[in-house]
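Asker: Each chain, letter by letter, is given below.
4 protein chains.
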Amino acid sequence: MDLKETAKAYKKEQFDDFGLGEKATSGHYRVLNKDGSFNIKKDNVPLLEKINFFHTLVSMSWPRFLGLILSTYFCVNLLFASIYMIIGVEHLTGIYGVTPFEQFTEAFFFSAQTITTLGYGQVAPTGILANIVAATESMMGLLGFALATGMVYGRFSKPAAKLKYSDYAVMAPYKDINGFMFRVVNPHGNQLLEVEASVSLSILRENSELRNFYPLDLERSKVVFLPAVWTIVHPITKESPFQELSVEDLFRRDLEIIVVIKAFDETFSQSVYSRSSYKFNDIKWGEKFKYLMSHENGRVSVDVSGISSTEKAELNEVRFD
Amino acid sequence: MDLKETAKAYKKEQFDDFGLGEKATSGHYRVLNKDGSFNIKKDNVPLLEKINFFHTLVSMSWPRFLGLILSTYFCVNLLFASIYMIIGVEHLTGIYGVTPFEQFTEAFFFSAQTITTLGYGQVAPTGILANIVAATESMMGLLGFALATGMVYGRFSKPAAKLKYSDYAVMAPYKDINGFMFRVVNPHGNQLLEVEASVSLSILRENSELRNFYPLDLERSKVVFLPAVWTIVHPITKESPFQELSVEDLFRRDLEIIVVIKAFDETFSQSVYSRSSYKFNDIKWGEKFKYLMSHENGRVSVDVSGISSTEKAELNEVRFD
Amino acid sequence: MDLKETAKAYKKEQFDDFGLGEKATSGHYRVLNKDGSFNIKKDNVPLLEKINFFHTLVSMSWPRFLGLILSTYFCVNLLFASIYMIIGVEHLTGIYGVTPFEQFTEAFFFSAQTITTLGYGQVAPTGILANIVAATESMMGLLGFALATGMVYGRFSKPAAKLKYSDYAVMAPYKDINGFMFRVVNPHGNQLLEVEASVSLSILRENSELRNFYPLDLERSKVVFLPAVWTIVHPITKESPFQELSVEDLFRRDLEIIVVIKAFDETFSQSVYSRSSYKFNDIKWGEKFKYLMSHENGRVSVDVSGISSTEKAELNEVRFD
Amino acid sequence: MDLKETAKAYKKEQFDDFGLGEKATSGHYRVLNKDGSFNIKKDNVPLLEKINFFHTLVSMSWPRFLGLILSTYFCVNLLFASIYMIIGVEHLTGIYGVTPFEQFTEAFFFSAQTITTLGYGQVAPTGILANIVAATESMMGLLGFALATGMVYGRFSKPAAKLKYSDYAVMAPYKDINGFMFRVVNPHGNQLLEVEASVSLSILRENSELRNFYPLDLERSKVVFLPAVWTIVHPITKESPFQELSVEDLFRRDLEIIVVIKAFDETFSQSVYSRSSYKFNDIKWGEKFKYLMSHENGRVSVDVSGISSTEKAELNEVRFD
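Chains as they are written, first to last, in my numbering: chain A, 141 to 461; chain B, 141 to 461; chain C, 141 to 461; chain D, 141 to 461.
The hints are simulated quantities; they were obtained by calculation from the structure and are not laboratory data.
All figures in this text were calculated on a predicted structure; none of them were measured in a lab.
Be aware that a few hints might be false.
Pairs count within a copy or across copies, as identical chains cannot be separated in the list.
Unchecked claim - With a straight-line Cα cutoff of 35 Å, these simulated DSBU-like cross-link-like pairs (lysine-lysine) come out:
#1 K378 to K298
#2 K181 to K430
#3 K402 to K424
#4 K452 to K298
#5 K181 to K315
#6 K181 to K378
#7 K315 to K362
#8 K315 to K298
#9 K181 to K452
Go ahead and model the full structure; you've got the sequences and the hints to work with.
Answerer: Here's what the structure looks like:
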């Protein structure tokens, strides 16, 4: 027995198993959600390792993020106002409040003026203690707002390949054979370059709850740029894993087509990734995509809204011997 | 029939079709404009997907960008001045205006001093409401100016491979065959490394309005660095798509040579891309480029202004059997 | 003798020697520490080349970093307070201190209000000299805090592939042969893409204190993404360097398995590296890793805490002829 | 005649000609200076294309950079002081100067307090005109200092592969043949990963002032990391261009060895490049590098200062048939 061959065979079979190991699941479920997030949960992660402030701050929604900044700002000022009260408001000039509440309010606003380095000066610290607190607060304000404003800009300038996938994939005639196809479009104005797709088929093993993953060869796996619509085609050649599986097999074995697209976003000068997946119900058999392009005045137009439009198309009869 | 071979043939023919699909256009037009932008329009994009604030802000011209910042600054101050007026100017100390206009003006400038965290203090808020607004405004100012100044620096430090292409490409003798050639130069002081060119020929299919794209093999597709002028050469070997096409064919079938150059910009530490294209009228047949280099005092000089200079050159008679 | 062959052989033997040259060490020691840092010391480096402020600032601990900023802030204010004292406190309005210490304290806090651009104004410079110092100080403050706050955000947003490695590697049955295996998991919420592992075996030469390094072929050296646990497997095929070495050899020749993992961190949009190593005592012979995945409600769960759990497993008898 | 073969031959000969074209120079000169800058001048570059503010600001020395910021700060304040004088100092409260010079000085410092958003308030604008100027100045200050401080941090955090090359390259015995060798060391604490070297030989053509460039095959062209010293070796096999050239040839034809090293700097999370070159006088024939490593307490030490130390070594007699 040729062990080298065996090793190669092993490699092919398990290539790209996405770190999901061999044991997956028995039921019908998604490995990858439609939006590209993973349908997986990590248990028993020590709390300290789980927390990643930057990741949390960069991926939360804008309203939550701004709410967090606002409430932090509020709490920090509450804290410093309390400190000024403890030191004694007589060490702040220009405080005219009589009741403790009035005094606390004025100390609170003095704190806000200090932490933002606004410094009107109508209220100002006197004495060493109050001055130390104010000097510390203004420096903390500079560092703290550096984080906050850095995050604001970091979130704003974070690239994301917001590609739009066709709602359905199709099995359509492709030259004199057939092909598994889906389409992607970049609806935005920013330019994507060196766009590279990798597509995998995931099915359950026969009579098992383990999953196998097979990479699918593509007509083209890379385009230099993506100004319009790209139809990604896996031709059903003799080597295709689709070749040996009937439609019933695919349903029964819970197929999932996993798509990862990598590109260079020219606007952000960074690499970006996009993920999606198609399940059995997302595939139309014997349909093809409609053309989306027209031209007028020497310019090509693409009707982006029609990206999922399909029409009936007779599949080719193919026989490989 | 060997399906694998067929699949390979398909691949070759359609390689690098730049996502323009099969259907392109019948008339003579440009796929790529001279400046590297695409001659393509996207229709029916949902408004929300179309908008990309960062891309818009990063790609607009400097005058428009600065105008936008200035007018935003003006409007936000108008807004806050109105709020202070509604609260009542008596809650701002140091307002000496009598007429509403005078008061509004003073409130406006107080707002400007607050949002920039300038805070002279000749005008200052008193009372809870005015203080809340001022504290909020100064924090908003910090976050807002973080975006504005981040964009200013982001725009300023954004890399762009501003390569200069020769105005014309030439078909010139190359060793004992001929070659399709054009030149690029980096006129700037920044160093480009790992410069990689990919060049494609696009022509209409016979009696069709569909376009085919053929990658062109280059003498060298990559240079380690680009200190001076690089002449990019596609040798017309037996395999060249030019080999089977007459000059008349090329004109009739509306050829376009599409160029994409990738490089690493050492100054910005980032990858940069440059695009251009040559149409039939941009090609000179039977001319060659003039030498641009001279040396004096042990140093090489390149005359960048002569990048498009050509001179007559007899093409080689080549016969492939 | 075929010199080309010889050259190839040389290459294979010394591939990936990690710049440690040929001479290493006689005793049992680690090339790479468990945490990925190098067990190597550089001597006689000129002081100026050794110092790299950015590297130092980015890699020191947070408490030390914040302590450094605080003490710099304190010292700079001491310095400027001294300058204001030398100029004469009578050039600062609003100084009410009588003793030199009181005056110095007030000058100190005035300096703090100036360098942070707080500027209450209860103390303000008069006269040319004091004004020049204050104007210079505020500009220095802006530039200095730009560095400090840039470092704060740079440290905060610095990516690091904090992968968790299994405490032990195992020699386990793998299909009908055996395999050297270890596991990695990304305990964090951020997504790692294009995860690539390179693993090398380092052993002492026979009767020598020199070390050889051998790259180990992996079942898969790359996965497109890493949502859960990845078991990295080096199959002991005929070509494996493990094939010719007994367990006693490995101990005697002080084996070290060196692991480098590269990935693209989607949260930070940057490439990250992780390193680790296994010594003889970190390898369990004839054990295999336990499965970590379960599923419920159509979702896969991974028990991250069990990453190092192993169980007995009979090794396959393999004979290569 | 096989044209494909010819094309290949062309490719080999001219590979990596660094964009210097065919025409170079007759005399003995350097293509690349020792410090990695290019010995080349670009003439007739239109002024506007030549200027690249970012590149200029990022590559000037620190003293010049800080001088530029300081003088800009001074000039802008001069400008605004003049504007306030034109408007009339009576629109600034708190100006006590009597002579125009005194008034101008006070206006100058008021401008400085405004542009840094310091805003003591001892001087403050009154009236619409002065307020408009002050509001504009503070906003300009925020944007302008964003550029200045962005550049400060950008310069500070800019990666640079400051590798140290051995002063000399050697032709030394290598196994049973000989090898052309030089050494590099990273004297700094930051980690370089995926270090990749490409080395080329440049010589004049026979009886010509044109230069040819030949890539040199390396024993290893890439190491996964570079914790210590890396000896880069070009083995003089049958295929080496050195094989056909005598030492006299190399001198007469003005050899230059051009080195480009690429690496990933872990501290800066970016790709960095380093360049150097060796001329005839920088090569020692029949010498080899001394070992630099020792070990104590289970730790390897590298004596970085000895990177250029060589000792006599008999070259192997090699005969290729």
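Asker: Does each hint hold? Answer for all of them.
Answerer: Going through the hints against the structure:
1. K378 to K298: Answer is neither: 42 Å inside a copy and 47 Å across each miss the 35 Å cutoff.
2. K181 to K430: between (39 Å within a copy, 18 Å between copies)
3. K402 to K424: within (26 Å within a copy, 38 Å between copies)
4. K452 to K298: neither (41 Å within a copy, 47 Å between copies)
5. K181 to K315: between (43 Å within a copy, 28 Å between copies)
6. K181 to K378: neither (37 Å within a copy, 39 Å between copies)
7. K315 to K362: both (20 Å within a copy, 33 Å between copies)
8. K315 to K298: neither (41 Å within a copy, 44 Å between copies)
9. K181 to K452: between (40 Å within a copy, 28 Å between copies)
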